[in-house]
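Protein chains: 2
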Amino acid sequence: MRFVAEAGLLKRVLRQTRLTDPARRENSAEHSWHLAVMALALAEHAPAGTDVGRVIAMLLVHDLVEIDAGDLFVFAGRQEQERQEAAERAAADRIFALLPADQAATARGLWDEFEERRTREAAFARGLDRLQPMLANVQAGGGTWKIHGITADQVLGKVELIEDGSASLGRYARDLVAEAVRTGILGPARPV
Amino acid sequence: MRFVAEAGLLKRVLRQTRLTDPARRENSAEHSWHLAVMALALAEHAPAGTDVGRVIAMLLVHDLVEIDAGDLFVFAGRQEQERQEAAERAAADRIFALLPADQAATARGLWDEFEERRTREAAFARGLDRLQPMLANVQAGGGTWKIHGITADQVLGKVELIEDGSASLGRYARDLVAEAVRTGILGPARPV
Numbered sequence: 001m002r003f004v005a006e007a008g009l010l011k012r013v014l015r016q017t018r019l020t021d022p023a024r025r026e027n028s029a030e031h032s033w034h035l036a037v038m039a040l041a042l043a044e045h046a047p048a049g050t051d052v053g054r055v056i057a058m059l060l061v062h063d064l065v066e067i068d069a070g071d072l073f074v075f076a077g078r079q080e081q082e083r084q085e086a087a088e089r090a091a092a093d094r095i096f097a098l099l100p101a102d103q104a105a106t107a108r109g110l111w112d113e114f115e116e117r118r119t120r121e122a123a124f125a126r127g128l129d130r131l132q133p134m135l136a137n138v139q140a141g142g143g144t145w146k147i148h149g150i151t152a153d154q155v156l157g158k159v160e161l162i163e164d165g166s167a168s169l170g171r172y173a174r175d176l177v178a179e180a181v182r183t184g185i186l187g188p189a190r191p192v
Numbered sequence: 001m002r003f004v005a006e007a008g009l010l011k012r013v014l015r016q017t018r019l020t021d022p023a024r025r026e027n028s029a030e031h032s033w034h035l036a037v038m039a040l041a042l043a044e045h046a047p048a049g050t051d052v053g054r055v056i057a058m059l060l061v062h063d064l065v066e067i068d069a070g071d072l073f074v075f076a077g078r079q080e081q082e083r084q085e086a087a088e089r090a091a092a093d094r095i096f097a098l099l100p101a102d103q104a105a106t107a108r109g110l111w112d113e114f115e116e117r118r119t120r121e122a123a124f125a126r127g128l129d130r131l132q133p134m135l136a137n138v139q140a141g142g143g144t145w146k147i148h149g150i151t152a153d154q155v156l157g158k159v160e161l162i163e164d165g166s167a168s169l170g171r172y173a174r175d176l177v178a179e180a181v182r183t184g185i186l187g188p189a190r191p192v
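Chains as they are written, first to last, in the numbering used here: chain S, 1 to 192; chain L, 1 to 192.
Isolated chain S (complex conformation) (with noise of 0.2 Å):
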């Protein structure tokens, strides 16, 4: 129960994506809650033998650590990144302890794994974690790709890690990127 309670702290944890209507921005509960439902809506898309039930699980569970190391944009620099991924570390070590040893150890090994990428549940999770927000962009016409001036060549960047999840996936979010640029609300790949 005391992770139960702690976890609902998560509400708090404001997102850079932006809602389309009321203008404010996800909490990473919510999220979390979007991509479970992307789990089950886009299961098809899976390789074939994805154990479905586990990529929900590992998507319910792995934003926790933001409660302790908030979000970090997915286009922040290198440093940033690394700093991020040490208090998401430790942040694990604090939150998952709450449960009992045996569920912790689970729960624990579901966030490694998601972290880590080398299963097809973890790839496929982390495929739909970054494939929501672009999503998100399209339907706010632009939202923080406007916001921060993200250009073409940093989202297909992105791409590649949806591509690894899901072939049928990646090949959506490719054609997604162009319509963007099509219609004007993704720049094209900046000039070098």
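Hints were generated in silico from the structure; no laboratory data involved.
Heads up, some of the hints might be wrong.
Copies of the same chain are indistinguishable here, so a pair counts whether it falls within one copy or spans any two.
Only pairs whose alpha carbons sit at most 25 Å apart, straight line, appear in this in silico SDA-like list of lysine to any residue [what the hints assert, rightly or not]:
| id | residue 1 | residue 2 |
| --- | --- | --- |
| 1 | Lys158 | Glu113 |
| 2 | Lys146 | Ala87 |
| 3 | Lys158 | Asp93 |
| 4 | Lys158 | Ala5 |
| 5 | Lys146 | Gln103 |
| 6 | Lys146 | Met1 |
| 7 | Lys158 | Ala76 |
| 8 | Lys158 | Arg94 |
| 9 | Lys146 | Thr183 |
| 10 | Lys146 | Leu9 |
| 11 | Lys146 | Arg117 |
| 12 | Lys146 | Gly184 |
| 13 | Lys146 | Gly157 |
| 14 | Lys158 | Leu176 |
| 15 | Lys158 | Leu99 |
| 16 | Lys146 | Phe73 |
| 17 | Lys146 | Asp51 |
| 18 | Lys146 | Val52 |
| 19 | Lys146 | Thr50 |
| 20 | Lys158 | Arg174 |
Being a predicted model, the structure only gives us computed values, none of them experimental.
Got chain S; can you put chain L on it based on the hints?
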């Protein structure tokens, strides 16, 4: 993808439940995530043989109908409850139909199962759905109990549904109510 985009609108639906800090109302998307995490963390309290994956799938989709129907306070009157049920059925017809036919049937089946509360999976899921706002009220030092002048007899009426899903969580909820009365964050039974 139309269903995925539509599902995101659940983040707009505000519930009565207050979050401790910042003082805002919980939305149905983050509520659904919290319930799914509870199902993972409290799985051992489900009756033997309960399919927890099915419980989680049910919890993830159970409130999607509120995108159209909105959330109704658990202590609303009978007439309001009946209006709400009709609105939710109409919403289920519309929203699940955004999925391909086979998935629409599966998702609608999960929603019907949750509503009908005949399987042990549905009973456990419904119990968690009742327990979570109680935990939030205790955390908030009274929450909606104080705001709406709710008394222990009213809350205990809802505890029966928790007991129906899990004997141990039912006992936990009864103790929680007794403790809340003792500490004065919940009024005792109203005089007749």
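Status of the hints after comparison with the structure:
1. Lys158 / Glu113: Only inside one copy: Lys158 and Glu113 sit 19 Å apart there, 39 Å across copies, limit 25 Å.
2. Lys146 / Ala87: Classified as neither: same-chain Cα gap 28 Å, cross-chain 38 Å, threshold 25 Å.
3. Lys158 / Asp93: neither (28 Å within a copy, 36 Å between copies)
4. Lys158 / Ala5: Between copies only: 20 Å across, 33 Å inside.
5. Lys146 / Gln103: For Lys146 and Gln103, neither the intra-copy (42 Å) nor the inter-copy (35 Å) Cα distance is at most 25 Å.
6. Lys146 / Met1: between (41 Å within a copy, 23 Å between copies)
7. Lys158 / Ala76: Only inside one copy: Lys158 and Ala76 sit 12 Å apart there, 47 Å across copies, limit 25 Å.
8. Lys158 / Arg94: The answer is neither: 30 Å in one copy and 34 Å across copies each exceed 25 Å.
9. Lys146 / Thr183: within (13 Å within a copy, 51 Å between copies)
10. Lys146 / Leu9: This pair counts as between: shortest inter-copy Cα distance 22 Å, intra-copy 29 Å.
11. Lys146 / Arg117: neither (29 Å within a copy, 46 Å between copies)
12. Lys146 / Gly184: For Lys146 and Gly184, only the intra-copy Cα distance (10 Å) is at most 25 Å; the inter-copy one is 51 Å.
13. Lys146 / Gly157: Cα proximity of Lys146 and Gly157: one copy only (17 Å, versus 51 Å across).
14. Lys158 / Leu176: within (13 Å within a copy, 47 Å between copies)
15. Lys158 / Leu99: Answer is neither; intra-copy 33 Å and inter-copy 27 Å both fail.
16. Lys146 / Phe73: within (14 Å within a copy, 39 Å between copies)
17. Lys146 / Asp51: neither (36 Å within a copy, 44 Å between copies)
18. Lys146 / Val52: Intra 34 Å, inter 41 Å, cutoff 25 Å: neither.
19. Lys146 / Thr50: Neither: 35 Å inside a copy, 47 Å across copies.
20. Lys158 / Arg174: The answer is within: 10 Å in one copy meets 25 Å, while 49 Å across copies does not.
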